[in-house]
Amino acid sequence: MPLETGRPFLAIPGPTNIPDRVLRAMHRPMVNIYEGPLIELTHSLFPDLKKIAGTEGHCMAYIANGHGAWEAALANTISAGETVLVLESGRFAVGWGNMAAQMGAVVETLDSPARSAVDPAAVEAYLRADTGHRIKAILVVQIDTATGVRNDIQAIRRAIDAAKHPALFMVDCIACFGCVPYEMDGWGADVTVAACQKGLMTPPGLGFVFANDKAMAVREANGCASTYWDWLPRAKPEAYYQLFCGTAPVSHLFGLREALDMMAEEGLDAIFARHARLARGVRAAVARWGEGGPLEFNITDALARSDVVTTILTGAVDAQALRRYCEDALSVTLGLGIGLDANHAFRIGHMGHVNEAMILGTLGAVEMGLSRIGADFAPGGVEAAIEAMA
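The sequence shown begins at 2 in this note's numbering and counts up one residue at a time.
None of these hints come from the bench; they were simulated from the model. It is possible that part of the hints are untrue.
Simulated crosslink set (DSS-like; lysine-lysine; CA at most 30 Å straight-line) [unchecked claim]:
#: 1; residue 1: K51; residue 2: K215
#: 2; residue 1: K137; residue 2: K215
#: 3; residue 1: K52; residue 2: K137
#: 4; residue 1: K52; residue 2: K165
#: 5; residue 1: K237; residue 2: K215
#: 6; residue 1: K52; residue 2: K215
#: 7; residue 1: K165; residue 2: K51
#: 8; residue 1: K215; residue 2: K165
#: 9; residue 1: K237; residue 2: K52
#: 10; residue 1: K137; residue 2: K51
#: 11; residue 1: K237; residue 2: K137
#: 12; residue 1: K137; residue 2: K165
#: 13; residue 1: K237; residue 2: K51
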């Protein structure tokens, strides 16, 4: 039976745990959406979001999850019949490319080596071969929540520049926005997509697209976007309702405002350092467990492992049995292995509203679960995490 005292804990890579302050901010009656404080509050969000994205460009918000932000990015930049290049490093860039294909684009995919990040040298070579510049956009994720990989966005931008290719560089930061460093302008991204349910600590329902002037010029030239997804009225609204193409997501706006205030109080550098510290702890525990059994990191290159989610391959250990024990007996929910064999992989999310004690509790639950299901592993993962985070 699950624990009857205390709180259940989500150790999945999104949606993440929502702070009480955010929940309280959202728990209020509806307000006037035509005039008054809500309008000022809404406009106050965009400078803070742009700071996290590292851009002076345009920011558009949608009542949507991350997949909605994907579609908004594509709808404004790619016309049917145009070609996009997907830089595969797991499930989510491929999913973005599948959406582009459904919208009429021609999709080409550059696969990464198994269990690895995107290879910038391969990107450069692929783009050099595109002498006619048929490729109009390049799609990549900064961190893939399925594989747990971190792609080097700066290195990929350098590869694009070395190939002298004019394609739009479009980056999905949904998994890690507000958790790890990202500099849209400094790193040379033209379009960035994000969402609120992970590092921004707000319930799912808001997606964001950031676009620089190059991307906005493409939108103004092709006129391919539908009314709902169109960037222009959201970026340059004449009336408040245009920011959301209708009724504003009132409760989410109050929640997001509180979450951004919390992030400002902690400071972005401190947030990034906290996520790096927690990730060190998780990785130390996984490495220790693997010394006495089949558990291993999905991503083989230690430098390419993300600071927000760790994907673990379990070999002969029944990952589903482990997840069931942790949830049913300990009220700790671990992430499924998506895009992998779910019976032999699981994920630990360490992003958003989480601290050392919460991570140690999660790792303790995993270690207890491994023991209870009779798995082969080396104990001492919690102690290794403590040492790594100290």
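Quick rundown of the hints versus the structure:
no.	hint	verdict
1	K51 with K215	holds (17 Å)
2	K137 with K215	holds (12 Å)
3	K52 with K137	holds (27 Å)
4	K52 with K165	holds (29 Å)
5	K237 with K215	holds (16 Å)
6	K52 with K215	holds (19 Å)
7	K165 with K51	holds (28 Å)
8	K215 with K165	holds (16 Å)
9	K237 with K52	holds (19 Å)
10	K137 with K51	holds (25 Å)
11	K237 with K137	holds (25 Å)
12	K137 with K165	holds (13 Å)
13	K237 with K51	holds (15 Å)
Every hint from the earlier list agrees with this structure, and none is contradicted.
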